[in-house]
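**Q** One-letter residues, chain by chain:
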Amino acid sequence: MSEARNYLTEDNSIRSWLLTTDHKRVAILYFIAITVFFFIGGAAAALIRLELLTPQGDLVTSDTYNRLFSMHGIIMVWFFLIPSIPSTLGNFIVPLMIGARDLAFPRLNLTSWYLFIAGGLTTLYAIFVGGVDTGWTFYTPFSTIYSNSHVVLAVTGVFIAGFSSILTGLNFIVTIHRLRAPGLTWYRLPLFLWSLYATSVILVLATPVLAITLLLVALDRAFGIGIFDPSRGGDPLLFQHLFWFYSHPAVYIMILPGMGVVSELIACYSRKAIFGYKFVAWSAIAIAGVGFFVWGHHMFVSGQSAFAGLVFSFMSFIVAVPSAIKVFNWTATMHKGWISYDAPMLYALGFIGLFTVGGLSGLFLACLAYDVYVTDTYFVVAHFHYIMVGGMVTAYFGGLHYWWPKITGRLYPEYWARAAAILIFFGFNMTFFPQFILGVLGMPRRYHTYPPEFQIWHVMSSTGASILAVAYALPLFYLGWSLFFGQRASANPWQTTGLEWQTPSPPPTHNFETPPEVKRKPYDFTTKGKARAQNA
Amino acid sequence: MTGTRRPPRRLVLSWIALLALLGATVFIAYLPLGTANTVIAMTIAALKGTIVAAVFMELRERNPLTLTFAGAGFFWLGIMLWLVLTDYMTRPNFPPHLHWGS
Amino acid sequence: MPEARPARQFVDLRQQHDVARLGMWVFIATEVLFFGGLILAYCVYRSGYPAEFAEAARHTKIVIGTANTAILLTSSFLVAWAVEAARLRESRFAALLLWTAALLGVVFLSLKGAEYAMEYHERLLPGLDFSFASPQAHAVHLFFSFYIVATGLHAVHVAVGIAVLVAVGIRAHQRAYLEAYHSPITVAGLYWHFVDLVWIFLFALIYLPGRSG
Chain H
7 MSEARNYLTE DNSIRSWLLT TDHKRVAILY FIAITVFFFI GGAAAALIRL ELLTPQGDLV
67 TSDTYNRLFS MHGIIMVWFF LIPSIPSTLG NFIVPLMIGA RDLAFPRLNL TSWYLFIAGG
127 LTTLYAIFVG GVDTGWTFYT PFSTIYSNSH VVLAVTGVFI AGFSSILTGL NFIVTIHRLR
187 APGLTWYRLP LFLWSLYATS VILVLATPVL AITLLLVALD RAFGIGIFDP SRGGDPLLFQ
247 HLFWFYSHPA VYIMILPGMG VVSELIACYS RKAIFGYKFV AWSAIAIAGV GFFVWGHHMF
307 VSGQSAFAGL VFSFMSFIVA VPSAIKVFNW TATMHKGWIS YDAPMLYALG FIGLFTVGGL
367 SGLFLACLAY DVYVTDTYFV VAHFHYIMVG GMVTAYFGGL HYWWPKITGR LYPEYWARAA
427 AILIFFGFNM TFFPQFILGV LGMPRRYHTY PPEFQIWHVM SSTGASILAV AYALPLFYLG
487 WSLFFGQRAS ANPWQTTGLE WQTPSPPPTH NFETPPEVKR KPYDFTTKGK ARAQNA
Chain U
72 MTGTRRPPRR LVLSWIALLA LLGATVFIAY LPLGTANTVI AMTIAALKGT IVAAVFMELR
132 ERNPLTLTFA GAGFFWLGIM LWLVLTDYMT RPNFPPHLHW GS
Chain X
2 MPEARPARQF VDLRQQHDVA RLGMWVFIAT EVLFFGGLIL AYCVYRSGYP AEFAEAARHT
62 KIVIGTANTA ILLTSSFLVA WAVEAARLRE SRFAALLLWT AALLGVVFLS LKGAEYAMEY
122 HERLLPGLDF SFASPQAHAV HLFFSFYIVA TGLHAVHVAV GIAVLVAVGI RAHQRAYLEA
182 YHSPITVAGL YWHFVDLVWI FLFALIYLPG RSG
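Chains as they are written, first to last, in the numbering used here: chain H, 7 to 542; chain U, 72 to 173; chain X, 2 to 214.
These aren't lab readings, by the way, just hints derived from the structure by calculation. Computed from a prediction, not measured in an experiment: that's the story for all the values here. Treat the hints with caution; some may be incorrect.
Straight-line distance between alpha carbons at most 20 angstroms, and here's what the computed SDA-like set of lysine to any residue pairs gives [stated by the list, open to error]:
hint, chain 1, residue 1, chain 2, residue 2
1, H, 536, H, 348
2, X, 62, U, 143
3, H, 534, H, 499
4, X, 113, U, 93
5, H, 536, H, 521
6, X, 62, X, 213
7, X, 62, U, 102
8, X, 62, U, 93
9, X, 113, X, 188
10, X, 113, X, 60
11, H, 536, H, 330
12, H, 536, H, 334
13, H, 284, H, 330
14, X, 113, X, 94
15, H, 284, H, 348
16, X, 62, U, 129
17, X, 62, X, 101
18, X, 62, U, 165
19, H, 527, H, 537
20, X, 113, X, 168
21, H, 527, H, 515
22, X, 62, U, 153
23, X, 62, U, 149
From the derived model, a few chain H residues whose C-beta atoms are all more than 10 angstroms from chain X [to be verified]:
hint, residue
24, 111
25, 219
26, 516
Ideal placement from N, C-alpha and C gives every residue a C-beta, glycine not left out.
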């Protein structure tokens, strides 16, 4: 309503932004960075889908194609998906949601952004001078011995960015344990925080293993220490064990924050408390925990022992259970709720549907025998894109729209946002559902040529991708527009619960005029759907 | 030394114990005990580590949360070691035979 | 000069100290897994090549290794003592202890450097003209790969620790720390003790195997 002093207007010099320790500004810095990376990774995807329009490899050489999908994977995984919700929405919202003035270690927070940028620039430079052709998975001994691409540069970039992840996770864990407002017990925490806590545990315990693994790859390549070299007694599978010990929990780093956002959205737009709050809260912890026991399902055909395969397959079935619990509880929450179909809710609903499809396809892959058939085919590609794009990116957009008024003090144009959400859903399914079919038909992943009988599905997929590209560009325009011309937002435009809505939009630098004291459970709506603030 | 500059007893005793354990582990390493050598060496290392953690790092006086954080890294390391070694212990052809025919 | 006020996100100095300590323990957990990946590689290859690893370990310099272990253990003792001294308001004496510990760290690194030089001349360092006369040379090569990466990484951590101890020591000497606020010494101490902890395990894995052979 007014141009009051808030975290945005207080000192607008470049220096104040680059040396900020305000978690809200750090979140904005991250947001700008990951948006840039999203479009770079998306550009690679566009070229990939263009190439795949025809069965022949006529747009790019096979070598270039290898570099394209490697770049797409590396950028999207480490420079978009992993930091996305935690470093943007998490950084902004966590202190507000727990009633604190900032995170536990504000300077560490800024440091993590600089590390992210350093890692990102290193990786972009690696791409600029030719990229890598190893895939984002850097399997040995190809990456350590035979590849003629910039492996050391690329892994260095990821290595540096990894420390950014670790510091973010460290900050969140300590903050959530120690900086909660008076009265905010664990079972009064919004579920977004339970999810981010679980995410942070994975960030802190898994990422260091990636760090040492990439360091060994770089050393092996630079000095020939031979640790993954079979001709010197090394085992290439050791790399895969080390790599996937991190990279499987990493996918939970990517999806758990999205699940946290969805909990917030479903509660708000059903005007109802989340059904089975404790189950949803502990299921996040369960996913984080059990997620460390399943990595071998990426290695069923690699040569690991049959017994190990058995153990990993069994655990992979188990890990699906807590995810399913969340889906059931979200659905139960909506039952007899006061549903509104604002854009964030459309994204949340999209998430539930698409994540369920992706998750179910994961069960097929957890099955040892079936995985032998579809491994390294487009079935796997479709599976993880349903989860990562259909799930995670959708949730990110949902959270972005939901908290947009709080972050910017402006309302986004609702009809444009709904249109974009629907277009995304439509474009996404058109892009990726044909890929399930392609996988079952036998189309291998990472190939840029294919038999002509597959073309119909690839054309469908690429067409969907072009729709998706437009749909993803739309928010860039209308959200950007809203920054200057959007209606100004009140403190609580969604009329929902949660401490972050009890302070102006945008918040002042110190977050709260008076430190809040929590008296209620979260998502406290009356039977008529009226919200009761947590500190009221 | 004045009272406030005297090293605390618990620290001195721990230091002496650590050096003694160091001497013991080196001495025992030279005794032919077969696989027990490794077990003993790792046990003594764990003992030394416990002394450093409990006394020097003051874990003895910390709350359960700090203890959980301190233990978490080792617990997760244990998971990694256990599950990966499960693969290698049940593989029929590890280590690889490098000199086929020789 | 002493910082009597907590940072704005904290209620009081006690909370700030508690949070700093907790944060360092989380960081230590990450380091356990960082070195842990190396330990995993060692365990895998030792389980595959037990005799060769024992043979390789016999070529490590146990005198230097043992001396270095004793040096680090002593430096840890001094750092723990420094924390206690700071608690008793002996800030300048704590500085002395911290600097002595840092000096021991420098001695550690010097001995390590001498050790590497010897091993380089014996052609035991992978990637640097390695040569070993034996049909199982590849396994010995793997052992020394682990050796150089693990001790090298550890040495980097020691170097960082030395810098931190010196810096914290300077602040202590300037009487920046009170009984009520000495968390930088505690937190730096935790890091240094952890570096010592890693070495305790590396020593057992590198220098002790195969000695009775």
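**Q** Which hints from the list above does the structure break, by number from lowest to highest?
**A** Structure breaks hints 2, 5, 9, 11, 12, 14, 15, 16, 17, 18, 20, 21, 22, 23, 24, 25, 26.
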